[in-house]
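Based on the provided sequences and hints, a complete structural model is requested.
Per this note's numbering, the sequence shown starts with residue 36, numbered consecutively.
Hint data in this document are derived by calculation from the structure and do not stem from the laboratory. Since we're looking at a predicted model, the values are computed, not measured. We put the beta carbon where it would ideally sit given N, CA and C, even for glycine. Hints are supplied without guarantee of correctness; some may be wrong.
To be verified - BS3-like, lysine-lysine: derived pairs with alpha carbons at most 27 Å apart:
1) K216 / K106
2) K219 / K204
3) K131 / K106
4) K204 / K216
5) K131 / K204
6) K204 / K106
7) K212 / K132
8) K219 / K106
9) K106 / K132
10) K95 / K106
11) K212 / K106
Said to hold, decoys possible - If you anchor each label on the Cβ, the simulated ranges turn out as follows:
12) L97 / E68: 18 to 28 Å
13) F180 / G84: 27 to 37 Å
14) A102 / I218: 19 to 29 Å
15) T44 / K131: 33 to 43 Å
16) L133 / A176: 27 to 37 Å
17) K95 / T44: 36 to 46 Å
18) D209 / E128: 19 to 29 Å
19) Q205 / P99: 18 to 28 Å
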Amino acid sequence: MKHSAAIPTRDNTALIIIDVQERLLPVISEGDELIRNVNILISGARIIGIPLLFTEQYPKGLGPTCASVQKESGDQVVEKISFSCMGNSTFVEEIKKLNANHLILAGAEAHICVLNTALDALDQNYTVHLVADAVSSLTPANRHFGIERLRQSGAMICTTEMILFQLLKQAGTDTFKRISKLIK
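Next up, the structure:
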């Protein structure tokens, strides 16, 4: 089946979990919802076969990725100090290795690191899928305006459920059943 270049598939997509870190999470607005949806995305990506990459902003100050995030020992974690993941050469190299031209973004903060990563990725001709219910900021206003800024800039705004079912393409498979259980 031929797919439009604007449609994410298992073969052209990567999931990026941005800066969901121990010392940041307690002050994030609706942090529990963020963790819930990030974990659904991670599990869904593993089921579908989408590669994933984690980032940590200045882990000496903000700590490692939260223990409540379903990260596995073999997962690639890129430490960074630039707000944009695209400003980190290791991250850029890892993304290139994945041959992904669609980036699904989730994490924190929506108006800083997620925003800057998405803007730079768009500028470098990636198609960005911002998972609105899997990003957050310290305040609801910053989350809202981070999402709106990305909508204005051409990012595809979606939800956890939307992007997973878009990647699935059809019902009636074992993969569909496994994803459906995650969502419920």
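How the hints compare with the structure:
no.	hint	result
1	K216 / K106	holds, 20 Å
2	K219 / K204	holds, 18 Å
3	K131 / K106	holds, 21 Å
4	K204 / K216	holds, 16 Å
5	K131 / K204	holds, 25 Å
6	K204 / K106	holds, 26 Å
7	K212 / K132	violated, 30 Å
8	K219 / K106	holds, 21 Å
9	K106 / K132	holds, 20 Å
10	K95 / K106	holds, 19 Å
11	K212 / K106	holds, 22 Å
12	L97 / E68: 18 to 28 Å	holds, 20 Å
13	F180 / G84: 27 to 37 Å	holds, 34 Å
14	A102 / I218: 19 to 29 Å	holds, 24 Å
15	T44 / K131: 33 to 43 Å	violated, 18 Å
16	L133 / A176: 27 to 37 Å	holds, 34 Å
17	K95 / T44: 36 to 46 Å	holds, 38 Å
18	D209 / E128: 19 to 29 Å	violated, 34 Å
19	Q205 / P99: 18 to 28 Å	violated, 38 Å
The structure shown violates the earlier hints numbered 7, 15, 18 and 19.
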